[in-house]
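Enquirer: Sequence:
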Amino acid sequence: MTTATSTPPPKVGVETFAQAVSNWQKSEGRHHLPWQNTRDPYRIWLSEIMLQQTQVGTVIDYYHRFLKRFPTLADLARASQADVLAYWAGLGYYARARNLHRCAQTVMEQWGGKFPETPEQIATLPGIGRSTAAAIAAFSFGGRAPILDGNVKRVFTRFFGVFGYTGTKAVETELWSIAQAILDHGPRDLDMISYTQGLMDLGATRCTRTKPDCTHCPLTTSCYANLNNAQKALPSARPRKLVPQRECHMLILLHNDNVLLEKRPQTGIWGGLWCLPQFNEFDALENACVNWGVKPSAQSKMATLQHTFTHFKLQITPWWLTVKRIPLAEPNNDYCWQPLNLLADTGLPAPVQKILHGVRQSLLSNNKA
DNA sequence: AAGGCGTGGCC
DNA sequence: TGGCCAAGCCT
18 MTTATSTPPP KVGVETFAQA VSNWQKSEGR HHLPWQNTRD PYRIWLSEIM
68 LQQTQVGTVI DYYHRFLKRF PTLADLARAS QADVLAYWAG LGYYARARNL
118 HRCAQTVMEQ WGGKFPETPE QIATLPGIGR STAAAIAAFS FGGRAPILDG
168 NVKRVFTRFF GVFGYTGTKA VETELWSIAQ AILDHGPRDL DMISYTQGLM
218 DLGATRCTRT KPDCTHCPLT TSCYANLNNA QKALPSARPR KLVPQRECHM
268 LILLHNDNVL LEKRPQTGIW GGLWCLPQFN EFDALENACV NWGVKPSAQS
318 KMATLQHTFT HFKLQITPWW LTVKRIPLAE PNNDYCWQPL NLLADTGLPA
368 PVQKILHGVR QSLLSNNKA
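Numbering (the numbering used here), first residue to last: 18 to 386.
Simulated from the structure, these hints should not be mistaken for lab results.
Note that the Cβ used here is the ideal one computed from N, Cα and C, for glycine as well.
Not one of these hints is a red herring.
No farther apart than 20 Å at their CA atoms in a straight line, the calculated lysine to any residue pairs in the SDA-like style are these: (1) K228 to L244; (2) K371 to L338; (3) K131 to R119; (4) K28 to D201; (5) K186 to A198; (6) K249 to G184; (7) K249 to R226; (8) K371 to T325; (9) K280 to A99; (10) K85 to A96; (11) K28 to V179; (12) K330 to W287; (13) K28 to C231; (14) K318 to L338; (15) K330 to K371; (16) K318 to N383; (17) K318 to Q295; (18) K280 to Q98; (19) K330 to V260; (20) K341 to Q355; (21) K312 to W337; (22) K312 to T334; (23) K371 to F296.
Now the in silico label distances, taken between C-beta atoms and shown as ranges: (24) N245 to L50: 30 to 36 Å; (25) Y182 to N349: 44 to 50 Å; (26) K341 to G375: 18 to 24 Å; (27) H48 to I286: 35 to 41 Å; (28) T123 to D100: 16 to 22 Å; (29) T123 to T71: 20 to 26 Å; (30) N297 to R119: 28 to 34 Å; (31) T222 to Y110: 23 to 29 Å; (32) D362 to A112: 19 to 25 Å; (33) G30 to A99: 50 to 56 Å.
Using the sequences plus the hints, can you model the full thing?
Expert: Take a look at the structure:
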């Protein structure tokens with residue numbers, strides 16, 4: 018029983034910070050996520066990439082599916098980019114998948130199939146920056162280098178009272194210094210696995226964005242935000258700008274139960290993914306239709322949908338047309354006729370998947386009627 | 001050095 | 001409801 022005579026919890030400073038987090042993780046942290054309890058750099062790397070800007074709950078299913086299809090780094094390196102993207106479709110930030118694939122091939126060709134072990138070496142690989150490299154090094158090899166992801170930024174800005182938007186160079190630099198200083202002043206025998214995981218667990222389960230659970234935080238007695246009731250003010254909010262509204266038209270061209278898909282360029286939105294042919298202006302869509310011997314009308318116009326990206330909003334107007342026969346054309350890697358019942362195996366952006374799902378449902382119910 | 005890059009969950 | 005954010009990296 019705690020009484021007035023018991024000693025208060027010790028203050029946590031830069032010297033004791035790391036040990037406090039490590040100890041807390043061992044007793045109160047998460048220990049059963051699918052990518053824990055392994056030292057396999059392939060699995061750890063895959064999880065770290067999937068978890069970039071993506072929540073744990075979203076990643077878990079993708080992670081299992083991906084590993085089942087690509088059990089080893091060598092399997093991934095051998096696969097086609099289309100296959101990899103198909104298993105990434107819906108997860109977003111598709112450059113991650115393209116880089117993941119390139120990275121697998123780099124490790125096979127330049128590192129003899131063995132994942133490099135130091136944070137510096139790991140950070141030279143495509144799609145792996147300083148923080149992800151440190152996490153992979155810590156979890157796979159016990160490497161001692163600091164991470165700085167969204168969780169850690171939230172914990173550090175609150176604990177140390179760092180004001181200013183974390184997206185600016187100045188604040189980012191300051192937070193990296195803190196992250197490094199904690200390791201420099203920490204014990205030589207610090208367990209880097211539990212410390213690194215502990216920082217993430219603290220941010221995910223205690224030091225959350227809204228309603229942080231300060232009463233169950235191991236750092237609460239020394240936390241700037243807790244002592245100053247500044248949890249809501251930290252981390253400082255991002256200065257928001259108006260996001261532009263754009264519109265486009267998408268062509269749903271059906272031939273029997275096949276739909277025309279177009280491969281998007283490697284760079285830009287939805288890079289490398291299959292997509293419905295997209296046009297900024299209706300006139301351009303109408304012109305494209307001439308080549309297929311069809312003409313869009315009010316009948317073919319479908320309900321518009323609104324899709325929101327980080328930096329703009331896109332209003333999509335789909336046009337549904339049916340062609341009787343396909344004109345002969347040169348074989349082309351940039352478009353294909355895809356059977357509607359195979360869409361799940363194709364890498365498609367979320368709104369396109371949604372549109373075509375509706376098309377398929379509509380066809381199925383018509384056939385029944 | 002700031003902005004591009006997806007999607008889903010949360011309140 | 002819409003605005004904000006989540007295990008960042010690249011250019």
